[in-house]
Structure formats: structure tokens, C-alpha cells
Amino acid sequence: MALQGLEIRRSSASLRGGGTGLRKLPTVAKYIDTSTCIGCKACEVACQEWNDLPNAHTVQTGTYQTLPTMTASFWNLIKFREVETPDHGLQWLMRKDQCMHCDDPGCLDACPAPGAIVQYVNGIVDVDPEKCIGCQLCETGCPFDVPRYAQGTNKMAKCTLCVDRVSVGLEPACIKACPTGCLQFGDKTALLDMARHRVEQLHADGFAQAAVYDPQGVGGTGVITVLKNGDHPEWYGLPRDPKVPTTVSVWKRVLHPIGFVAMAAAVFGAIGHFMAYGPKKPKDTSRESGGEV
Amino acid sequence: MSELRIPGATPARAPTAMQVGRDKEDVLVGDEIVRHRFSSRVIHWTVAVFFITALLTGMPIWSPVFGWMANLFGGLSVCRWLHAWLGIAFVASFLIMFVAWLRDMTFDKSDRRFNVFEYMKFSDKEDPDVGKYNAGQKFFFWAAGVGALALLLSGVVLWWPTYFSQGLRSASILLHDLAFIAFFVAIVGHIYLSTAAEPGTFRSMTRGTVTKSWARLHHPRWYKEVTGGKAR
Numbered sequence: 001m002a003l004q005g006l007e008i009r010r011s012s013a014s015l016r017g018g019g020t021g022l023r024k025l026p027t028v029a030k031y032i033d034t035s036t037c038i039g040c041k042a043c044e045v046a047c048q049e050w051n052d053l054p055n056a057h058t059v060q061t062g063t064y065q066t067l068p069t070m071t072a073s074f075w076n077l078i079k080f081r082e083v084e085t086p087d088h089g090l091q092w093l094m095r096k097d098q099c100m101h102c103d104d105p106g107c108l109d110a111c112p113a114p115g116a117i118v119q120y121v122n123g124i125v126d127v128d129p130e131k132c133i134g135c136q137l138c139e140t141g142c143p144f145d146v147p148r149y150a151q152g153t154n155k156m157a158k159c160t161l162c163v164d165r166v167s168v169g170l171e172p173a174c175i176k177a178c179p180t181g182c183l184q185f186g187d188k189t190a191l192l193d194m195a196r197h198r199v200e201q202l203h204a205d206g207f208a209q210a211a212v213y214d215p216q217g218v219g220g221t222g223v224i225t226v227l228k229n230g231d232h233p234e235w236y237g238l239p240r241d242p243k244v245p246t247t248v249s250v251w252k253r254v255l256h257p258i259g260f261v262a263m264a265a266a267v268f269g270a271i272g273h274f275m276a277y278g279p280k281k282p283k284d285t286s287r288e289s290g291g292e293v
Numbered sequence: 001m002s003e004l005r006i007p008g009a010t011p012a013r014a015p016t017a018m019q020v021g022r023d024k025e026d027v028l029v030g031d032e033i034v035r036h037r038f039s040s041r042v043i044h045w046t047v048a049v050f051f052i053t054a055l056l057t058g059m060p061i062w063s064p065v066f067g068w069m070a071n072l073f074g075g076l077s078v079c080r081w082l083h084a085w086l087g088i089a090f091v092a093s094f095l096i097m098f099v100a101w102l103r104d105m106t107f108d109k110s111d112r113r114f115n116v117f118e119y120m121k122f123s124d125k126e127d128p129d130v131g132k133y134n135a136g137q138k139f140f141f142w143a144a145g146v147g148a149l150a151l152l153l154s155g156v157v158l159w160w161p162t163y164f165s166q167g168l169r170s171a172s173i174l175l176h177d178l179a180f181i182a183f184f185v186a187i188v189g190h191i192y193l194s195t196a197a198e199p200g201t202f203r204s205m206t207r208g209t210v211t212k213s214w215a216r217l218h219h220p221r222w223y224k225e226v227t228g229g230k231a232r
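Chains as they are written, first to last, in our numbering: chain A, 1 to 293; chain B, 1 to 232.
One chain only, chain B, in its complex shape (with noise of 0.2 Å):
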């Protein structure tokens, strides 16, 4: 890395944890662990806005109770048109994501131990075999895979219904729809799980770093292998 020095400027110093996380990821700089590398929070809000702009050009077109939603966009016309390209968006930006955290995110056998209520009830008491990411967080990325996977094969009969059957296009209504609720659900649950319910895990996806503390609490395993072996 090319460091810029300025004269009179204090010496240079070893790089900062954001610095590191810029090309490289599960590694410990300071007190602190690269969580998420550049590349993989770049892919991660590239999804974000992909998904937030196709909810909000869709919402109106589900209920008028959202109309106000196709304002922000200039109406519902350019809503029905730019709801199809956004979501071909978010599906291709999806893939890219999918196949990046894939490895990542393969269930093993410790998962099977997870239990969503228990976690839920936020005991300090974390499964010491919580990898870098635990049960709850791969089924929420394959769900996902599953969710858009199901929104783009609808959208498609929706975009051209002229070109499918009457069944395909019925069909395709009610599975649109379902997806976009259970995304719905999904996203909020998302969102809070990032941000108020779990201090400290926001920052992974904008600076890209954790503290010790936070990966030791809810990623035990990945906190040793990171650490090299050190529990504490």
C-alpha cells in the first residue's frame, strides 16, 4: 500500500483496521476485526438500494394506501416502468452478492443447534461454535436467494403476461405478492437486527470493523480463528 507521506506530518504508522479492510477481510488490526472487505459492503448496499428503490416504485402499484410512495418517483407510470428494471437490478446484483458470500454462508453441523427463539431472547449466552455467521443469518441469505428468485420468475410473467397462459399469469400475481410480504417482513427484521437490537454491528457494513468484544459475543468461533486461537 502507497502511503502519502506530507512533510512534518507525524511518521507513518502501521495501517488502520479500515485501511486493511479496504482488500482484506477476517483480520484482526488493533482492537479491532475486519469484518466485511470493501468489495463485499460495495456488493451489500449496491442490493440495498436496488431492493429499497424496487419496494418503493412496487409498494404503490400493491395498494393505493402507498400511492403517496410513486410521488417520490413521478407518478405511477414511471413507477409500473421503472419497478421491472429495478427489480432485474436487484436480482443481478443479488447474484453477484449470492455467489461472493456463498462459501460463507454453507450451513454446517454446528447450526443445526441454533434456535431462533432462544436467540431471540438475547441471553449473553452465545453457542461458542457460532462461526462467522450463525444459523439465523444463512437461512435469512437463502431465503433471500429462494425470495428473489421467486420475485424475478413472476416479474417476468407480470412484465409480458401477454406471452403466458392465464394460470401462469394468475399464478404469478399471488406468488409476486406473497414474496414482496415475506420480503417485507423479512427486510425490517433485517434492519433492526443490524442496528438498534445489536450495538456495534451497523459499523461492519459502513467502516467494515467490529470491536474484539462484539465478535467475541456473537461469533465466538470466528473471534479464535480470527484471534488465532486466543478466547480472550
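In isolation and in its complexed conformation, chain A is listed as follows (with noise of 0.2 Å):
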């Protein structure tokens, strides 16, 4: 839902930036601490509750996950792993899949649909439903496989960081029900330091490997996760350097350009040639009847 009165940063589509560039926010994050996840799913009936998101049947797959994915009415899953580790035996991974917020969108990026993703001044990623045209390009353009596409009304959908919270000053519903403490909401700066805080203590507690996760590769993220096994990311189901495919750049910003220049090309080529060649026609029509078009 595109919000009236928060300023878009960046906006899909668009050949001229969707903002004045004028009105700046502090880029907001949450903060996941992985370590202390209980795994209650107290986040996830909040985010159902607060985004009028209909209740989900859970889906029994043998772990302590309620469904084996997001879907297109469930944004906010608390991912379960078992994981054998090497140096501190069996453990159990939760960790908090949603949209990350990136700060450099591969699904905008994708996006050919004008305005149906937009990016605010505070750096929150959000879809607005009546622009989305189903495409599902946002799909291939995230390195993290979050958008999802919703069969019956050919929409795509995924958590809006409480968009309509954040924006009159409250906390997502998320962070709102979280009893332990592992989600915390605000400004982005102060929050990775205080991941960095985290990780000095688990690296105390033995945890070496300890590391804060905000990938690089899109930009750094809105959701700044502290990872107890920070070299194994994929431990948690997180890829390890998560990318804006390169086709997607490719194609916004080698073949579109190209694009452009072959098809002038064609239009003035046929003009120019014409004028160099003029038209090939037979010579001697006094033969037939009619030297006609």
C-alpha cells in the first residue's frame, strides 16, 4: 500500500525518481538476534492480526515451522533447522524469514510495472496491489525468495514493515509481540550497533563464528539478523552473499539501452536508406498496364 504523506525514496519503472529527494527519514531496521529465539511464533499471529491476514492451517512437516513457507498471506515464518554442528553439537536454528527490505531491491529493480514497488525515504519496501499487474518478475529479481503470488487475485505480497505503523511512529506488529527481546525496531545505525554489542558477547559466551548479518551485495538490509554461526548463514537458510541477479541488471541496464539504440537504428536506417537507394522498381513499365503500387 503506497502511504500518502511518506515520501517514496525509489519507485519501479520509473524513468524520473518517484520523490522530491527533499523529505529525509532515518533508514528504520529490525533486529533479529537469532541467539535468543525461542521460537514461540508470537510474531507471526501479530503480523496475521495486525495485516487483517486470514488464519493459516499449519502444515506438519516433522519440525517446529507452522507452514513449510511463506505464502501470499503468511509473511513472516519462523524458519525451524536442525543443524549437527562441529563445534557446538546439535542445535536448533529459528530464524525470522520476511522480506529483508533491501537497500538495493532486486524485485523494484524487476519490476516493470510503474510505481508497484516502491522503496520510502526510510527505506521500507512495499508493494502497492493496485499497480502490481502479477507478472511475478519480483520473484526472480529477489535473492531471497520472499514475494509471493496470490493465484485468485494475480497480486504479488509480502510483509510491508508495518508500513501504516512505522509511518504514525509505532513498531511493527512483529517486534510489538516479541517476548524475548530477540526483535528490536528503530533507526538502522543504532541497531547494528547494538548487534555489534551482541556479537562481542556471544563471541565471550564461545560462539567465535558469531557475526552480524547485512549483506553487502544488495546494499545492507532492513532486517539486521545476529547469527550465532555467522560463517554458515546457510545454516539458517540465508544465502551467503545474497546479489541482484545479474541478468536483472543486464537486462535494466545493457539490453534496455541497446534496445533502444537497434530499434532508432531500424527506423532511421529504413529512412536513411531509402533517401541513399531510393525505391527499386522496374524500369520499363510501358509494357504493362499499369506501373501500380
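One or more of the hints may lead you astray.
Okay, derived cross-link-like pairs now, DSBU-like style, lysine-lysine, Cα gap no bigger than 35 Å in a straight line [unchecked claim]:
1) A/LYS155 with B/LYS121
2) B/LYS24 with B/LYS132
3) A/LYS283 with B/LYS125
4) A/LYS252 with B/LYS109
5) B/LYS224 with A/LYS281
6) A/LYS281 with B/LYS24
7) B/LYS24 with A/LYS283
8) B/LYS121 with B/LYS132
9) B/LYS138 with A/LYS283
Keep in mind the hints are simulated off the structure, nothing from the lab.
From these two lone chains plus the hints, build me the complex, please.
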């Protein structure tokens, strides 16, 4: 939902920017400390409630996970993984899966519908269903496999970082519901400090590989994740070095200009050729009844 | 062919080239030669209509510069839906045309001598061995076939991305894009050559006929075959 009053920083398929660039806001972020998440799913329930999403029928797949994957009407899923680690034995790894609100969003890059995906000045990435055409190209652009397609309505849906709450000074519903404090919300720079501090604590506790996950391949994310096993983001289902797919950048930044040049060249080439070589027509038409076109 | 006789009208005459062209082609009728019979023209224009509408619904998705084209069809959401079906219709009708024209479009030995740069100088020294289609036209036919196949395959992936891998989806974006650019350039050339550049050509796809001098200039061997060996 595109919000009036919160200025847009970037807008999909827009030739010129969507905002004045004058109204500045600090970039907001979610802080997720996977080491203190107990997998209670309060954030999942809060997300469904606040966003008016229907109750989902849970699927038992043999793990402590509500659904196998996010859906168009389930935007916040605690992923559960059992991992046998060499240094710390069997670990239960919980990670809150949702839109990462990338600073350089691949979905926005890939989207062909003007204004269907926007990035507000505070860094929140949002889908406007009214402008979405349901082409699913954002799925291909997203390095985190986040956007979900709603079959019935032919629209994409994902976490909005509760932009409606944030824009009026509230924290997102998931943050509000978290009982352990492993979820925090605020100014990204402040949260990064907090994350680094927590990583130091984890180092002291014997988790030497603990790290902050804020991948720079997508310009950093609006979701800062503290990982006990920071050297193995894939154990949590996170890509090691996520990037906007090269094809999406090649498509928009290389093939588009080439395409425009080629199209113009074809048109001007035809006109130029006609002027240089003229029409090729039979010289002697006197034998025929008509020398018509 | 049944003749409609109107009392008092001029007596029945030999059928005109256009009448012959309803079901025959490559025949000389008076001063005209039937180049494309009715069925050939119908399939060509069917392909053309689906191609143009698929192009017009696809271009606004390609770039917002062409966003205005979406208004012709009721908006971008409609285009996204319509484009896929028009694409299927284009490929299906193209396939029929492909099969129907395949025999005439097969390359032969004389095609090796064709030099597109020489040809585009528009000298009237045409190779006397050029048949119904020159090598450039045959190349266009085959290239369009390859392009249509590329559009179909990549289009199917783009239509139902959920069923395909990220790599295949990404590759399809590029392939669909490249094929579109190639087709755009090709169609500009095709329209230019068949109208302004070579007068007397367009009527072969409307009325189906060409003049003898047109055939002699552009397709000398075909002219000989059709007129029964007469060079003039």
C-alpha cells in the first residue's frame, strides 16, 4: 500500500524518481537476534492479526515450523532447522523469515509496472497491489525468495515492515509481540551498534564465529540478523552473498539501452536507406497496363 | 468457378488475376502474375495481426517509455494477461504459415551467391537465378522461425515462473528481450522493403498479384517458370 505522507525514494519502472529527495528520514530496520529467539511464533500471529490476514492452516512437516514456506497471506515465518555443528553439537536454529527490505531491492529493479514496488525514504520496500500486474518478475529479482503470488487475485504480497504503523511512530506488529526481546526496531545505525555489541557477547560466550548478517551485495538490508554461526548463514536458510541477479541488471542497464538504440537505428536506417538508394522499381513499365504500387 | 450472370451486363469474360488468386498461385493471368493465393494472404495477415498486438501489449511491459501503448488495451494488467495469449496465437498461426511456406523457403544452390550488402544497393542487376524468394527472404523466414521458438520457450517460463528454476527464469528474461529487439528491427526492415522500398510488392499481399515487370526485376527465375520459359 503506497502511503500518502511518506515520501518515496525509489519506484519501480519509473524513468525519473518518485520523490522530491528533500524529505529525509533515518533508515529504519528490524533487529533479529537468532540466538535468543525461542520459536514461540508470537510474531507470526501478530503479523496475521495486524495485517488482517486469515488464519493459516498449519502444516506438520516434522519440525517446529508453522508452514513449509511463506505464502501470499503469510508474510512472517519462523524457519526452524536442526543442524549438527562441529563445535557446538546439535543446534536448533530459528530464523524469522520475511522481506529483508534491501537497500538495493532486486524486486524493485525487476518490476515492470510503474510504482508497483516502492522504497520509501525510510528504506521500507512495499508493494502497491493496485499497480501490481502480477507478472511475478519480482520473484526472479529477489535474492531471498520472498515475494509471493496470490493466484486468485493475480497480485504479489509480502511483509510491509508494517509501514502503516511505522509511518505513525509505532513499531511493527512482530516487534511489539516478541516476548524475549530478540526482535527490536529502530534507526538502522543504532541497531547495528546493538548487533555488534551482541556479537561481542556471543564471542565471549564461546561462539567465535558469531556475526551480523547485513549483506552488502544488496546494499545492506533493513533486517539485521545476529547469527551465532555467522560463518554459516546457509544453516539458517540465508544466502551467503546475496546479489540482485546479474540478468536483472543486464536486462535493465545493458539490454534496454541496446534495445532503444537498435530500434531507433532500424527506423532511421530505413529512412536513410530510402533516401540514399531510393525505391527499387521496374524501369520499363510501358509493356504493362499499370505501373501501380 | 460459378459465374454470376446479370442480364444486360457485359458478357462473361476470362477470370481476372484476382479471381484466379482465390485458390491458385504462381500463374500468369493476362499482364499479372498471382504471387500469393488467398489462403497464403490470410495466414500472413493472421500472423501479422497477432504479432503486432503481441508487440503492442509487450512493449509497455518492456519499458515505461511505451506505457501509453497499454492504454490501447485497457491498462498494463490487461496487457500482462493478453500478451501471453496473443503470443500463443502468434506462434500457433506462425507454425501454420511455416509449414505452408516451407517448400518455397528451402535454400538451394543459387542462394549462395546472394550478398545482402550488394542487394541493398538496389542496382537493377538482379541475379537471373533468383526464384520465387531470394536468399534474404528465406533467411528472414528461418530467422523468424527461430525467433518465434525463442519467444515461445522463454515466454512459457516467464508466464509460469513458479515451475522453473531461478537460472532458467533469468535466462528467459534475457532471451525474450533479445528476441523482441531482433523482431522489432526485423519487422521494420520487412515493412520497409515490402512497401516504400520496393513498389509493387505490397499488392502481392493484398490483391495477391504482381506485374510482369516486377517479377522480372525481383524474381527472374520465378518469372521464367511462371511464364513458361519466356524471358520477356
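### Message
Run through the hints listed earlier and report the numbers of any the structure violates, in increasing order.
### Response
1, 4
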